[in-house]
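Protein chains in written order, with the numbering used here: chain R, 11 to 462; chain A, 219 to 307.
Think of the hints as simulated: they come from the structure by calculation, not from any bench. There may be inaccurate statements among the hints.
Below, simulated DSS-like cross-link-like pairs (lysine-lysine); rule was C-alpha separation at most 25 Å, straight line [to be verified]: (1) A:K288 with R:K406; (2) R:K75 with A:K236; (3) R:K75 with A:K277.
If you want the building blocks of each chain, they are given just below.
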Amino acid sequence: MLNAYNILETIRMIQDECLDIRTITMGISLLDCIDTDIDRACDKVYNKIVTKAGRLAEVGQQIEKEYGIPIVNKRISVTPIAMLAAACPNGDPVKFAKALQRAADTCGVNFIGGFSALVHKGFSAGDEALIRSIPEALDVTQNICSSVNIGSTKSGINMDAVKLMGQIVRQTAERTADRDCIGAAKLVVFCNAVEDNPFMAGAFHGVGEPDCEIHVGVSGPGVVRAALTKYPDASINEIADIIKKTAFKITRMGQLVGARASELLGVPFGIVDLSLAPTPAVGDSVAHILEEMGLEMCGTHGTTACLAMLNDAVKKGGVMASSTVGGLSGAFIPVSEDAGMIDAAVDGVLTLEKLEAMTAVCSVGLDMIVVPGDITAETISAIIADEAAIGMINTKTTAVRLIPAIGKKEGETLEFGGLLGSGPVMPIRNKSAAKFINRGGRIPAPMHSLKN
Amino acid sequence: MRAVVTVIGKDTVGILHKVSGICAEYNVNVIEVTQSVLQDMFAMIMLVDISDINADFSKLVDSMDSLGQKLGLSIHTMHEDIFNSMHSV
């Protein structure tokens, strides 16, 4: 039964604690759009997306009204475009990016993800051409996101791809240097990429997924923090319990919205992603949750332990609340998108090394980190390799989204605006890893016994 | 199908009358009202039946929103499912 306390709690979460549905993402398979003629393939891609997702934005708005909860983004994820590019070896993959952009404009969605390639064991037809076209594709489009999977626990790390991605990240930043290097903010390098992720920039629609489905990504760091402030003297296991209960409530909202969207669009419901996704807005920060637990500032000693507990408690609470949980599910730590992380990075307390340790226990990886403009492609590759190794060994998804701040150095800032926020240039080590990166080859898959 | 209308803000004459007036206009039946005034602050939670609503539910939401703006009150009109799903297992 409804009671006044519960009603007011829900309204307070939405009004004062920034609770929202971060995204409704429609996953669309483009496998039936493959064609040897690239222009024909692009037309099919455009038509399929517009047919399936034409009503997505409108339905999103209807649900917002019905339940009184903001739905911040309406997005689309598609089959990795490299699979389509493989059929037309002489075509320029950038054409696909432009077709996706046209579809995004027509549907009125915020982003389309899936300008992607999966090369964790090696390059197949279309993969390398697509990867090499990423800098141009992200330069000439605004709402297209790209991702490349370069490693997995089952197959090891493709070091040739790691080397190439270092160059691609740098070129992408260079091509968009006049726009605060925004291109690199739309490009993620994964290890163990998931096929049903609704969050950008890493969303793509895996080949094991159905033709079309709806995923939901919830948010709510502000709600978790507000819940913790009411118990300043609780022990850690009591805190874990509070987080679980809060995550349950947040996820129920996602489940409700996802089920309703699926009903209205006549498309099967995929998954709810349980991630706590921060925004630069006041009161919507994951770092502030960690600080509420008792850290003077995020990034200091103890941060990894707090984050591990938070991440696990969010999953435990969320799993019970939804019929199908998937995606990345955990806590995101994108530096530029989190007010508390920005402060900690400016202060020098939060460093790249600490972030790397945090990624071993949280849901994704080195996310939205601004590095000096003179960083070499090999150093970017080495950072990618380090992060992929954490994912490969620990059987988890890790990712790297670095933004080389072309023409800027430590102490300066990049301003992306909106949900992407702003990031201070963070220091990196100045010794080279070029010889290691230039060796090429593959790091073999790890063994699954004798774990220590 | 039911919805919850919550009204919070400074007390004035006729709030309940105006809110229930909009309900009547949309053929929405009021099932339950909880209301209190504490130190000039008006707080009301109204449970309404929207099964026989004569327009889109979003139109009702819009009407309530504009009434809220006119009276300087915070009025939320939300489908009851959101509360049920969030607070019960």
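Notebook entry, point to check: Where does the structure disagree with the numbered hints, that is, which hint numbers, in rising order?
Noted result: Violated hint: only 1; rest satisfied.
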